[in-house]
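Undergrad: Given next are the chains, with one letter for each unit.
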Amino acid sequence: MLADYFDGSMDPRLREELDAHLAMCEPCLVFTRTYQAVSDKTRLLRRHIEYEIPPEVRKRLETFVHAAVLKYPEKMREYRDQVERDRREKVAGLVVAATAGKLSSATALLMESHCVACPECRGYFDALRKTGAPKAGDPPEDIRSHVIALMQTLPPGEEFFLA
Amino acid sequence: MSDERWKEDEALLESLRKGAPGAVDELLRLYQGKIFNLAMSILKNESDAEEAAQDVFMTVIRKADTFQGNSAFYSWMYRICVNTCLMRLRGKRRNETVSIEEFMPVFTEEGMHASPMDDWSKEVERDALNEELGRMIRKYTEKLSEKYRVVFVLSDVEGLSNEETARILGLTVPAIKSRLHRARLYLREQLSRYLLEGKAG
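Residue numbers (our numbering), protein chains in the order written: chain A, -14 to 148; chain B, 7 to 207.
Chain A with its partners taken away, still in its complex shape:
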């Protein structure tokens, strides 16, 4: 197996044969080079491949773990408030972006497909488009939870608004 060639565990006779072949065969040589480049680059580009924990997730996780461990009801309440606060902020952000026509194409598409099946959201976002300004206050809970569910189906790293 090619992986053995690169990590040095290949049988020496087999290795010799492969080396001899590679000296004469361009496509195979290129194949081994590009194969090796995959793991080399992956190792090098680790920081760009790994998923960074967002600050609000980090904070919530800390609050949750502490609350659960210490079983302080106040801490648990704090955690739940944080979750609710972050949710509302996210939805508000999306509503503003939707009003300004600044949703990313991926999000706009998701939104459209959802609104086809959901009269409440359709009504809400249609009204938004007409008035050109978000209503004061949060959208109703149903719509909020639909929007959150929708945002969660975005592929990781995908932004919901256009820069």
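The hints are simulated quantities; they were obtained by calculation from the structure and are not laboratory data.
Some hints could be false.
As the list claims (entries may be wrong) - Looking from chain B toward chain A, a few residues come up when the C-beta cut is under 8 angstroms (computed):
| # | residue |
| --- | --- |
| 1 | Gln38 |
| 2 | Gly140 |
| 3 | Arg144 |
Values in this document were obtained by computation on a predicted structure and should not be read as measured data.
In this text, a Cβ means the ideal position worked out from N, Cα and C, and glycines have one as well.
Chain B: place on chain A using the hints.
TA: For chain B alone, coordinates are given in the frame of chain A:
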């Protein structure tokens, strides 16, 4: 794993067992990022990853007493994380993953490579490409089925040895090598197509 890290982990384990104040903070400080990253790479969804991370830390804190020390502490944590995440996946509607077979090398009757070979190995050394290339590797990795994806993430992204990865996943080293190899073949093919398209486009 460095000696320093070993000592840090040993000390952490001790303080967790004693229930020392600050132990939980230290645990989170050292491992929050890693556990979230691992959970994300398996679950591909922030809210699932966050919930999984909660479960992982609760389990680790609860079971710090019973940890035998048969493996490294971080190895044990990763195992808990992988198992937690795979359990979650079992319950869910599966996301789209591609069939890895479509990306395996094709050979002619004479045993030669059937597709054109473009050598991009040197080109990708340019720093300017790095962030983009990293994003592409991540994107293609996400499309792999978990069977290959988890192995690739632990081995090539996180840099764990085959033995370590095998221990974490409860598989044999040959099984790890085989899956890793196929994951790399798949990525090699995806990246080749992507980089070739970039040139033609």
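Undergrad: Confirm or reject each hint.
TA: Here's how the hints hold up against the structure:
no.: 1; hint: Gln38; result: holds (6 angstroms)
no.: 2; hint: Gly140; result: holds (3 angstroms)
no.: 3; hint: Arg144; result: holds (5 angstroms)
Of the numbered hints stated above, none is contradicted by the structure.
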